[in-house]
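K.L.:
Just so we're aligned, residue 1 is where the sequence shown starts under the working numbering, counting upward by one.
Treat the hints as calculated values from the structure; they're not laboratory data. Do not rely on the hints blindly, as some may be mistaken.
Between beta-carbon pairs, the in silico distance windows are [to be verified]:
id, residue 1, residue 2, range
1, Asp179, Leu65, 46 to 54 angstroms
2, Asp179, Ser206, 20 to 28 angstroms
3, Asp177, Ala141, 26 to 34 angstroms
From the three backbone atoms N, C-alpha and C, an ideal C-beta is built for every residue, glycine too.
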Amino acid sequence: MVMGQPDNMRRTDAWQTIPQSLFRERCDELFLTGIVSYGEENFARLVVTALGLAAFYSSSRVSALESAETKRFAYALLQQIEQSYITIIDTPGIETVQICILLGSFHLFNGRPNSGFDILGSAINLAQNLGLHRKRLSRRASAYAVQSWARTWWTLEVFDKYAAVAFGRPCAIDDSDCDVDPLEDDPAGNSVYQFELSGQIVSLLSYHRHKFQLYRIMGPFLGRRIQTNRLESLAVMALHRWALYDKASESKQDRLAERQLPIFQLMTSALRSVVRAES
Numbered sequence: 001m002v003m004g005q006p007d008n009m010r011r012t013d014a015w016q017t018i019p020q021s022l023f024r025e026r027c028d029e030l031f032l033t034g035i036v037s038y039g040e041e042n043f044a045r046l047v048v049t050a051l052g053l054a055a056f057y058s059s060s061r062v063s064a065l066e067s068a069e070t071k072r073f074a075y076a077l078l079q080q081i082e083q084s085y086i087t088i089i090d091t092p093g094i095e096t097v098q099i100c101i102l103l104g105s106f107h108l109f110n111g112r113p114n115s116g117f118d119i120l121g122s123a124i125n126l127a128q129n130l131g132l133h134r135k136r137l138s139r140r141a142s143a144y145a146v147q148s149w150a151r152t153w154w155t156l157e158v159f160d161k162y163a164a165v166a167f168g169r170p171c172a173i174d175d176s177d178c179d180v181d182p183l184e185d186d187p188a189g190n191s192v193y194q195f196e197l198s199g200q201i202v203s204l205l206s207y208h209r210h211k212f213q214l215y216r217i218m219g220p221f222l223g224r225r226i227q228t229n230r231l232e233s234l235a236v237m238a239l240h241r242w243a244l245y246d247k248a249s250e251s252k253q254d255r256l257a258e259r260q261l262p263i264f265q266l267m268t269s270a271l272r273s274v275v276r277a278e279s
């Protein structure tokens, strides 16, 4: 049960913040020794959080009696994390941010959106303070650390823009200030599928890569401030100016007919400029 449960939440966006093969290796070591070393307390709490969420999501696949017991177990684990929340964020680190992502996402989509937004907002602040939005060039960093940094930041970018689109929340992340490496393959946590017609091989991780690119394209349209030194920002400003343009000498119908096509042309041009800038 301990190592199998995370499979039940593998497909959730929040779970992608953790490189699963290396995460499992660290879990095996923790369970084998039963010892939490100094400075590893938040990793142990991350494991508890992952197990709690996995138990919760697996409750829908069992009988009613087992489901109730599984949910009680899940809530008991998550309650431990909530009670230690201040202690967790008082010890900044990659695991701290990952705990906030998992816990915040859980509350956001399970009836406590305000708590979810607050916890995820603190995750963004913690990540920025750690410099996760910039490339980490330390040669002494482990493979687990490097991929954890990248996955964690990309997950936060998606949340930030999703919150802006779905809930009207202001963006907290400025894409022009971010420089993060793309994700690397993780066979242990990367389900592979094949299209029947084309035979093309796709994976869960490739889906997330494309999703990150699409959210980056949306960034300039959602950003909290417009920077005039970036091409895509200029395109966004042009869209705003065109939307506000009013020609008093023409009728309302003529103005609508005139504006409709250029607006879509400008949007297409803006999106293309973003793609070129990010490629």
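K.L.:
Hints first: check each against the structure and report whether it holds.
P.N.:
Hints and how they fare:
| no. | hint | verdict |
| --- | --- | --- |
| 1 | Asp179 <-> Leu65: 46 to 54 angstroms | holds (51 angstroms) |
| 2 | Asp179 <-> Ser206: 20 to 28 angstroms | holds (22 angstroms) |
| 3 | Asp177 <-> Ala141: 26 to 34 angstroms | violated (21 angstroms) |
This entry does not satisfy hint 3, going by the numbered hints stated previously; all others are met.
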